[in-house]
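**Q** Each chain is listed here by its residues.
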Amino acid sequence: MNAPMSTAPGLFGAAAALILRDVRLLWRRRGDALQPALFALLVVVLFALGLGGEPKALAKVAAAVLWVAVLLAGLLSLDTLFRGDAEDGSLEQWILAPVPLAWLVAVRVLTHWATTALPLVLATPLLGELLHLPRAQLPVLLVSLLLGTPLLSLLGAVVAALTVGMRRSGILVALLALPLYVPILVFGAGSVSASAQGLDAGGALLLLGAGLVLALVLAPLTAAAAIRISLN
Amino acid sequence: MTDFPHAHPPLLAARGLTFTRNDEPVFGPLDFAVDAGEALLVQGGNGAGKTTLLRVLAGLLRSDQGEIDIDGRRANAAQRSHAIAYLGHLPALKADLSTLENLHFLCGLHGRRARQMPGNALAMVGLGGYEDSLARQLSAGQKKRLSLARLWLSPAPLWLLDEPYANLDLQGINLVNRMISAHLRGGGAALVTTHGAYAAPPVQTRMLHLGGEA
Chain C
661 MNAPMSTAPG LFGAAAALIL RDVRLLWRRR GDALQPALFA LLVVVLFALG LGGEPKALAK
721 VAAAVLWVAV LLAGLLSLDT LFRGDAEDGS LEQWILAPVP LAWLVAVRVL THWATTALPL
781 VLATPLLGEL LHLPRAQLPV LLVSLLLGTP LLSLLGAVVA ALTVGMRRSG ILVALLALPL
841 YVPILVFGAG SVSASAQGLD AGGALLLLGA GLVLALVLAP LTAAAAIRIS LN
Chain G
9 MTDFPHAHPP LLAARGLTFT RNDEPVFGPL DFAVDAGEAL LVQGGNGAGK TTLLRVLAGL
69 LRSDQGEIDI DGRRANAAQR SHAIAYLGHL PALKADLSTL ENLHFLCGLH GRRARQMPGN
129 ALAMVGLGGY EDSLARQLSA GQKKRLSLAR LWLSPAPLWL LDEPYANLDL QGINLVNRMI
189 SAHLRGGGAA LVTTHGAYAA PPVQTRMLHL GGEA
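Protein sequence lines correspond, in order, to chains C and G. For what it's worth, the numbering used here labels the leading residue of the first sequence as 661, then goes sequentially. For what it's worth, the numbering used here labels the leading residue of the second sequence as 9, then goes sequentially.
Hint data in this document are derived by calculation from the structure and do not stem from the laboratory. Where a beta carbon is used, it is the ideal one built from N, C-alpha and C, also for glycine. There is no bait here: all hints are sound.
Partial selection, computed: residues in chain G whose CB lies under 7 Å from chain C:
| hint | residue |
| --- | --- |
| 1 | Y94 |
| 2 | A100 |
| 3 | D104 |
Per the computed footprint, the stretches of chain G lying under chain C, defined by three or more beta-carbons under 8 Å from a beta-carbon of chain C, are:
| hint | region |
| --- | --- |
| 4 | 57 to 69 |
| 5 | 114 to 120 |
The calculated label-pair distances, taken between Cβ atoms and stated as ranges, are:
| hint | chain 1 | residue 1 | chain 2 | residue 2 | range |
| --- | --- | --- | --- | --- | --- |
| 6 | C | G862 | G | G80 | 55 to 63 Å |
| 7 | G | T213 | C | A668 | 28 to 36 Å |
| 8 | C | A885 | G | G80 | 24 to 32 Å |
| 9 | C | G863 | G | S141 | 50 to 58 Å |
| 10 | C | L878 | G | R214 | 41 to 49 Å |
| 11 | G | G219 | C | R827 | 21 to 29 Å |
| 12 | G | G80 | C | R827 | 36 to 44 Å |
| 13 | G | R214 | C | A668 | 27 to 35 Å |
My request is simple: use the sequences and hints to build the entire structure.
**A** Structure representation (structure tokens):
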């Protein structure tokens, strides 16, 4: 209205529009948005009940259970990452937009992480109490989750992008994502158990950090290429 | 018209464009050009490859052979994204967002023409008063009108319209024709696919027939 020429979107303008859209959509369907968090809570509670309220047995496995619960909750919401946008044609318009597709994918994935995984990480101290997690392990667990969950989301995005062209891909997404997720789980849960035994957790955390940096650069590019192939 | 000497290269030109799917030729080789201020009517029956042609031109599919020039230069992704607005079969609307929110997002993604606002565009396509309606509450024709509003806001000079008349009533068909006429007067160009010639914009039009053997 005030610009004399047409307004071309910048990287950050497009990102802001996409984040605003995703947050609005999430709010409109907030029941669905709660599903991963409820799922993680369910896993934790069932584990606590299954082990029969033995604080010592629970404390031993608490960190690993929390890691698995967060990982499975992330897997649950993976298929929705691009599917809706593929089915209503939004992805076509993303490809035709003047901003790089990889940038939009990165923004979408990080918004998705911030709205599904981050609340779980923030709830970890509470869930840890349910499992008698030793307080001393909490800081390492939180750091490993903060480094590991965005890595899970980024790798998961590549898998979700590869399968977005298929009509039903529920089990395929899980099968493809599993081998990619295993090392992250090993290093993430491993860092906590190492620190519990008095060893240095730094190595595993640094590896997670290195993986995250690498995935931040490469995963959006790979996912963007996969989307282009899937929509053919 | 084709041998008319041009001061400017055509807005869109294709030479020897061929597309095959699973070793079956879908169309081609095709040669055509569209100048600024012109519309190209792509005709053909179901399955003749109209949609495929538009998707190839938009860069969503890769042609097997042939060249596409936009404004005299070989088309690449960056150039396409600034020159082309694509209206496909899929509306690219989020069902849980209001009409205005949908337009705001798509403008944020594609940019906006000077002096055009989403609210005015809604009124122009006959959706005034529906600003707060969710897209899921609209009829198929109203969704089409919302997509047309998005097209109207796009700053791209070249419109690729896949069956723009589908689902529209007579007023809607007139609306599409008026929009295309105005766009062409402003120096734009449009490729329009239709089943037949029953609805065509009253403008300078070239024709392209696909699937002649049927």
